[in-house]
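*Asks:* One letter stands for each residue in the lines below.
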Amino acid sequence: MPLQEPEAEAQNGDAARWSAFATALALLAAAVALSLVSFETSESPDIAGPLLFPHLVLTVWMGTSLLVAVLNVPRSRPPGFATAKIPGALRLIAIAGLSGAFALLLPTLGFGAGALLFFIPVAVLCGERRFVILGLTSVVFILAVWALFTLLFGIPLPTGEIADWISG
Amino acid sequence: MSVIVEALGQVLAPDNLIAMVIGTVGGLVLGAMPGIGTILALSLALPFTFSMDPGAGITLLMAIYASSIYGGSISAVLLNTPGTPQSAVTCLDGYPMAQQGKAAEAMGWVTAASAFGGLLSVLVLVAAAPPLAKLSKAFGPIELFALLGFALVCVAWVSRESLLKGILAVSIGLFLATIGPDPMTGDIRYSFGLFQFYAGIQLIPVLVGMFALSELMIIAARAIFGTTKGAAIESARAIVLPSWRQWKPQLGNLLRSSAIGSFFGILPGPGAVLSAFVAYSEARRASPNRDNFGKGEPAGLVASESANNAVTGGALIPTLSLGIPGDAATAIMLTALLIHGITPGPRLFELNGSLVHAIFVSLFIINIVMFAAGTLMSPLFLKILRVPQGLLVPAVVVLAVTGTFLLRHSTFDLAIMMAAGAAGLVLRAAAIPLAPVVIGLVLGAKMELTFRQGLILTDGSFYGFFAHPIAAIFFTLSAALVATGVLRTVKTSQGGRA
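So the sequences go chain by chain: W and Z.
The opening position of the first sequence corresponds to residue 1 in this note's numbering, with each subsequent residue numbered one higher.
The opening position of the second sequence corresponds to residue 1 in this note's numbering, with each subsequent residue numbered one higher.
It should be emphasised that the hints constitute simulated quantities derived from the structure, not laboratory data.
Bear in mind that the values here come from a model prediction, so they are computed numbers and not experimental data.
Each hint should be verified, as a subset may be incorrect.
Per the computed footprint, the stretches of chain W lying under chain Z, defined by three or more beta-carbons under 8 Å from a beta-carbon of chain Z, are [as the list claims (entries may be wrong)]:
# : stretch
1 : 97-110
2 : 117-124
Cβ pair distances, simulated, as ranges [what the hints assert, rightly or not]:
#  : chain 1 : residue 1 : chain 2 : residue 2 : range
3  : W       : ALA15     : Z       : GLY353    : 51 to 59 Å
4  : Z       : LEU351    : W       : ARG130    : 23 to 31 Å
5  : Z       : GLY186    : W       : THR59     : 18 to 26 Å
6  : Z       : GLY460    : W       : ILE86     : 57 to 65 Å
7  : W       : THR59     : Z       : TYR198    : 22 to 30 Å
8  : Z       : THR343    : W       : HIS55     : 24 to 32 Å
9  : Z       : ASP53     : W       : SER76     : 52 to 60 Å
10 : Z       : GLN99     : W       : VAL73     : 55 to 63 Å
11 : Z       : ALA479    : W       : VAL32     : 21 to 29 Å
12 : Z       : THR343    : W       : TRP165    : 40 to 48 Å
Think of the CB as a built atom: it goes at the ideal place given N, C-alpha and C, for glycine as much as any other residue.
Let's have the full structure, built from the sequences with the hints guiding it.
*Replies:* Here's what the structure looks like:
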């Protein structure tokens with residue numbers, strides 16, 4: 001299962017132990033912080049009050065994250081990051097950033113413009129260099145999605161505040 | 001009888017039929033693409049069902065569920081890369097057959113066995129779900145709490161090699177479910193001053209972020225670092241269905257494997273992957289050609305494919321009759337029912353009888369449509385398998401983001417989705433399974449409510465829960481599973497240190 005179970009590949013070696021160890025510690029810290037959060041309740045926090053179940057769950061969370069951390073204590077120094085991978089890593093960060101920007105700007109730009117502005121740079125970052133195919137694919141895809149949902153299912157896609165403003 | 005006629009009316013409604021065809025073809029295509037898979041396909045479709053008629057929405061998801069499992073075997077046979085984890089076993093005999101120039105025959109066995117397994121599982125679903133729903137009426141809050149706890153332990157137990165990581169994932173999901181109003185008093189908890197949390201965490205943004213976005217980032221990473229497994233696509237112009245003479249010796253294998261798949265579907269946790277492995281090993285044990293297994297033996301294909309598709313009907317049994325999803329796929333379908341105001345469980349059969357029957361009939365027809373689509377459209381799927389991942393990633397992100405936004409036109413939902421995506425990546429990196437997080441989130445509210453109601457019934461004594469025999473049995477089973485799993489984890493860890 002080379003693509004469905006990607007984490008399985010990383011399970012061997014120290015990198016996986018470091019990952020599990022660091023994540024478990026972060027989760028432990030989060031659970032401790034959450035257990036200190038208090039909120040106003042309409043009744044006294046008695047045995048069956050609103051705090052009981054979350055606190056029980058947080059106790060299990062803290063216990064298991066501590067055990068996972070203990071069982072995954074790394075046996076060597078953290079593995080270094082290969083410098084050859086830095087350009088690729090930057091491209092991945094850019095894809096994540098573009099995805100976030102697309103999500104934030106979708107209400108403003110609308111589906112058509114937003115998707116087009118997102119699709120092409122992300123495809124290029126993923127290694128697509130056939131620009132004619134890329135341009136055609138992006139336009140056909142966006143039109144197909146629009147037709148499928150707007151015309152067939154009757155679900156209007158966001159047109160965007162800019163288009164709404166222009167059309168008055 | 002009138003209920004069946006009403007159900008048929010719902011199933012044959014134009015929007016339902018369109019949803020069925022789009023779901024089946026879409027599921028086939030998405031399942032066939034390595035990296036997409038059943039859960040990602042369902043997560044993508046889920047937000048769009050919000051604005052659809054409940055029947056059509058559920059039909060769309062069921063069609064994607066059933067056909068994506070079958071679609072996964074197309075790439076398993078032709079690329080030696082299963083499109084879905086459920087189809088991993090299919091590689092063992094499917095790819096050797098393709099290498100021997102028998103790709104069309106292999107696809108024929110896969111298509112027929114998948115459809116048969118799916119159809120048989122619908123019969124199991126029809127026979128088992130209503131009695132189980134009736135039986136569950138005997139369950140009070142304490143029994144239901146114990147059952148939910150047992151289901152969550154099962155899900156955690158089989159999710160990965162480490163039970164501890166599974167339980168950690170479940171507890172994260174359960175905690176997320178406590179954000180928002182308290183089920184008994186209505187007090188707002190863990191809102192951090194954000195009014196958007198007053199109604200609790202929306203399921204769909206979490207589902208889409210955790211499953212779809214995190215998976216897409218991994219696909220993007222593989223495209224960038226060039227680690228995608230490359231294999232030549234074996235050309236197969238059309239599917240060649242096996243003749244009756246070829247089928248006859250496989251009937252026992254087919255029935256046994258379908259029964260195994262249906263049984264594993266009912267159990268919370270194991271799901272299609274395990275059922276395919278068990279059915280395959282049983283077929284190998286019982287076959288006179290056991291030495292041919294792994295070298296292109298059709299019996300291996302029949303076993304894995306009928307078993308993994310038979311899981312679909314089985315998995316819907318606890319989902320519909322008890323409201324307990326056994327895996328991430330059924331958790332997504334449960335979410336779809338909930339967002340339409342339909343609560344699965346014993347009352348579902350009384351209040352929404354026609355919808356339940358429509359689900360049964362739809363699933364039956366979906367398997368027939370899947371068989372037809374698989375037989376007629378195989379050359380098209382072969383072309384789709386060649387879609388470069390550079391185009392796939394932005395297309396799927398666009399669908400994920402747009403679908404989530406359409407739910408409530410809320411940018412806060414998109415922020416939750418992005419946060420869930422980042423959390424999903426971190427958890428994947430630490431090999432902490434995602435499905436228990438989502439199932440914990442889906443079941444959390446019901447679990448807390450039954451727990452608190454139980455405490456009221458026992459005057460605040462948790463020991464009083466053990467006075468209920470059914471609950472005591474589930475608690476004992478859960479404790480036994482936890483003990484076994486912890487021992488296994490510690491042994492594995494010690495083995496790793498040695």
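*Asks:* Now, for every hint given, state plainly whether the structure supports it.
*Replies:* Consistency of the hints with the structure:
1. Residues of the stretch 97-110 of chain W lying with their CB closer than 8 Å to a CB of chain Z number 7, which satisfies the three-residue condition for coverage.
2. Restraint check on the stretch 117-124 of chain W versus chain Z: 6 residues with Cβ-Cβ distances below 8 Å, three needed, restraint holds.
3. At about 53 Å, the beta-carbon gap between ALA15 (chain W) and GLY353 (chain Z) stays in the expected band of 51 to 59 Å.
4. Separated by about 54 Å at the C-beta atoms, LEU351 (chain Z) and ARG130 (chain W) break the suggested range of 23 to 31 Å.
5. Remark: the range hint 18 to 26 Å for GLY186 (chain Z) to THR59 (chain W) is upheld by a beta-carbon distance near 24 Å.
6. Distance hint for GLY460 (chain Z) and ILE86 (chain W): a CB-CB separation of about 58 Å, consistent with the stated range 57 to 65 Å.
7. As the Cβ distance of THR59 (chain W) to TYR198 (chain Z) is approximately 26 Å, the hint placing it in 22 to 30 Å holds.
8. The hint said 24 to 32 Å for the Cβ distance between THR343 (chain Z) and HIS55 (chain W), and at roughly 27 Å that hint holds.
9. Under the hint 52 to 60 Å, the C-beta atoms of ASP53 (chain Z) and SER76 (chain W), about 57 Å apart, fit the expected range.
10. Our hint of 55 to 63 Å for GLN99 (chain Z) and VAL73 (chain W) is violated, since their Cβ atoms are close to 45 Å apart.
11. Evaluation of the 21 to 29 Å hint for ALA479 (chain Z) and VAL32 (chain W) yields a pass: the beta carbon distance comes to about 26 Å.
12. Under the hint 40 to 48 Å, the C-beta atoms of THR343 (chain Z) and TRP165 (chain W), about 42 Å apart, fit the expected range.
Hints 4 and 10 from the earlier list are contradicted by this structure; the remaining hints agree with it.
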